[in-house]
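Taken in order, these protein sequences are the chains called A and B.
The first sequence begins at 1 in the numbering used here and counts up by one.
The second sequence begins at 1 in the numbering used here and counts up by one.
Please note that the accuracy of each hint is not assured.
Over the 10 Å line for every Cβ pair with chain A, so calculated as not near, a few chain B residues [stated by the list, open to error]: (1) Ser3; (2) Val69; (3) Val96; (4) Leu115; (5) Ile129; (6) Asp146; (7) Ser147; (8) Tyr149.
Across the chosen pairs, the derived CB separations fall in these ranges [to be verified]: (9) B:Ser91 x A:Lys163: 53 to 61 Å; (10) A:Phe299 x B:Ala67: 23 to 31 Å; (11) A:Val330 x B:Asp132: 34 to 42 Å; (12) B:Tyr73 x A:His398: 44 to 52 Å.
To be clear, the hints were calculated from the coordinates, so they are not data collected in a lab.
Glycine included, C-beta positions come from ideal geometry on N, C-alpha and C.
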Amino acid sequence: MAASTSSTHAVNPGQFVAGKGLRTLYAVSIFLGVVLLSLAFYKDSHRAWHSYLTSYMYWTNLALGGLFFAAIQHVAKAGWSVNVRRIAESFTAFLPIAALGAIVLLFGSKSIYQWLDPKIVANDALIQAKEAYLNWEFYVVRIVVTFGVWLLFAKLIIGNSLKQDIDGDPKWTLKAVPLSIGFLLFFAISYSLFTVDVLMSLQPHWFSTIWGIYNFAGLFQSFLAMFVIFVVYSMKKGWLRGLVSEDHLHDMGKFLKGFTVFMAYIGFSQFLLIWYANLPEETIFYLARANGWWMAITFSLLILKFAVPFLLLLPRWAKRTPNHLVMVSVLILIMQYVDIHWMVYPTLDPYAPKFSWQEIGSFLLFGGLFLWSVTSFLSKNKLIPVKDPRIEESLHHHVAY
Amino acid sequence: MASGGIAGLWLDDHEVVEAARKVREAGFKKFDAITPFPVHGMEEAIGIKRSMIPYVTFVAGVTGFLAAVALQYWTSAISWPINVGGKPFFSGPAFVPVMFELTILFAALSSVGALFVLCKLPKLDPPVIDPDVTCHKFAIFISEEDSAYNAERCEQLLKSLGAKEIKKLARY
Chain A
1 MAASTSSTHA VNPGQFVAGK GLRTLYAVSI FLGVVLLSLA FYKDSHRAWH SYLTSYMYWT
61 NLALGGLFFA AIQHVAKAGW SVNVRRIAES FTAFLPIAAL GAIVLLFGSK SIYQWLDPKI
121 VANDALIQAK EAYLNWEFYV VRIVVTFGVW LLFAKLIIGN SLKQDIDGDP KWTLKAVPLS
181 IGFLLFFAIS YSLFTVDVLM SLQPHWFSTI WGIYNFAGLF QSFLAMFVIF VVYSMKKGWL
241 RGLVSEDHLH DMGKFLKGFT VFMAYIGFSQ FLLIWYANLP EETIFYLARA NGWWMAITFS
301 LLILKFAVPF LLLLPRWAKR TPNHLVMVSV LILIMQYVDI HWMVYPTLDP YAPKFSWQEI
361 GSFLLFGGLF LWSVTSFLSK NKLIPVKDPR IEESLHHHVA Y
Chain B
1 MASGGIAGLW LDDHEVVEAA RKVREAGFKK FDAITPFPVH GMEEAIGIKR SMIPYVTFVA
61 GVTGFLAAVA LQYWTSAISW PINVGGKPFF SGPAFVPVMF ELTILFAALS SVGALFVLCK
121 LPKLDPPVID PDVTCHKFAI FISEEDSAYN AERCEQLLKS LGAKEIKKLA RY
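Make the full structure from the sequences, and use the hints.
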């Protein structure tokens, strides 16, 4: 058992090395992504921007999830997670690319958001009523400020953790608490507004006050799934021997199961109130997702994003078996893509989901960039925060029956 | 274990885990450790199998779920159908909150109930090895019902494992 590891003062994790396979994977992904997405823009730029937005949200969510996870660990002064925290922190290496991606999205906004089209707004009283919020200038300011502050917090919280690797000063751990509280407060508001801006406003007549939380639930659920995959990968490479055990995986599995339930709870809360009240201005969202094949996608979210992963994660052994945990994580990651696709694409085609090389292109591009930035971060830094004052607690982490 | 036996007392939690492991390796099955707080690694050291409470919880949860479906179906669609907002009598989404609540209620109450049954609670005036096992002492108790039980051998074993004190009990 991990508990028998003797008290250690110099913790030496293996060095993360992006092997040839991994480097080929992201190089090919980025190359194919650029080619396919360029072709998609050439063929049908309206559809290409929808594809761009879907994949962009998917991978940006994962990066934000890493920062959110690191922040809640600092606020809770958690000890168990120290040895896996660096892998979560590494996801934020994608945030600068996400910020650039948001700037690029500004150029496509006029193609996908009706409320930016003066001709539509001129004849639409409902959008006119929302113009104080939904206007170009305020939208640009929100995007720029949001990403600016996110990057600043990422630099401070993650940067301090890296500084501690060198000097081992516990002051960085103490400083992380107020920083993390500040980030979480800002994140709660800014992420809600961000999802309203880039996803909800695709249907400018419609509104849902739980929208931000629903997106956050998907963000954290998919982040945990990707987190599990990275941790298991590093364990199988032997870089975390004696540092991360199945006890850590067990707790990550509990997190994953918990937020799988949370996602369903929030998703259903949104649906139930709209279904019960049956007000036309609210039901349009679900009516658009009950047409033809969209109905199948709607039900697939309930079954494959909640019921199946929930039951597969229920037994104790399931959370302590790396391959099983990875399998469930892959399912959740696939369904997270379906979820965002389900939010974005009905405005493009109300009758059937569209998924083809145009969608794969943008997914590969951002996926490749994510993999490149995260593995570069891990290759440059230590795989665990070696001088964190709470590391002993993580080295001896043990989940009781 | 409503039987007599012999108990050894330790003052250190690491020592008692090690002692428990040795007692199990010596071939004893009917023995237990009594500690003032949960000691990491103790379950493995004693060789305690997992409790059956999770299975009780799961079955009770499923029962609660089905009970909620049945209750709402019968009251809303059969016994006293009322048209609410033009919705069908059997309205799945409207029933979900109650399905959720009854799943939780049945699962939670049954878990507590199963805990009481499995631990034979409540125990009124239970036998006490030493009042200090709720404070700073750690005990290992070997039941005389164990097939390998032999008072002298047990006493020697516990002493050799570092027990600071040995107590013979007529009933525990």
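A quick look at each hint next to the structure:
A cut-off of 10 Å between C-beta atoms confirms that serine 3 of chain B is not in contact with chain A; the least separation is 25 Å. Interface exclusion of valine 69 of chain B from chain A stands, the closest Cβ pair being 15 Å apart, more than 10 Å. A beta-carbon of chain A is positioned within 10 Å of the beta-carbon of valine 96 of chain B; the least distance is around 6 Å. Annotated as non-interface, leucine 115 of chain B keeps its C-beta farther than 10 Å from every C-beta of chain A; the closest such distance is 13 Å.
Consistency note on isoleucine 129 of chain B: stated as away from chain A, and its beta-carbon is indeed over 10 Å from all of that chain's, at 23 Å minimum. Consistency note on aspartate 146 of chain B: stated as away from chain A, and its beta-carbon is indeed over 10 Å from all of that chain's, at 23 Å minimum. No beta-carbon of chain A is positioned within 10 Å of the beta-carbon of serine 147 of chain B; the least distance is around 26 Å. Look at tyrosine 149 of chain B: its CB is around 27 Å from the nearest CB on chain A, clear of 10 Å, so calling it non-interface holds up.
Between serine 91 of chain B and lysine 163 of chain A, the C-beta spacing of about 57 Å keeps the proposed range 53 to 61 Å intact. Judged by the Cβ atoms, the range 23 to 31 Å given for phenylalanine 299 of chain A and alanine 67 of chain B holds: they are separated by roughly 25 Å. For valine 330 of chain A and aspartate 132 of chain B, the hinted distance range of 34 to 42 Å is not satisfied, since their beta carbons lie about 52 Å from each other. A C-beta distance of roughly 46 Å is found between tyrosine 73 of chain B and histidine 398 of chain A, which places it inside the suggested range of 44 to 52 Å.
When each numbered hint is compared with the structure, violations occur for hints 3, 11.
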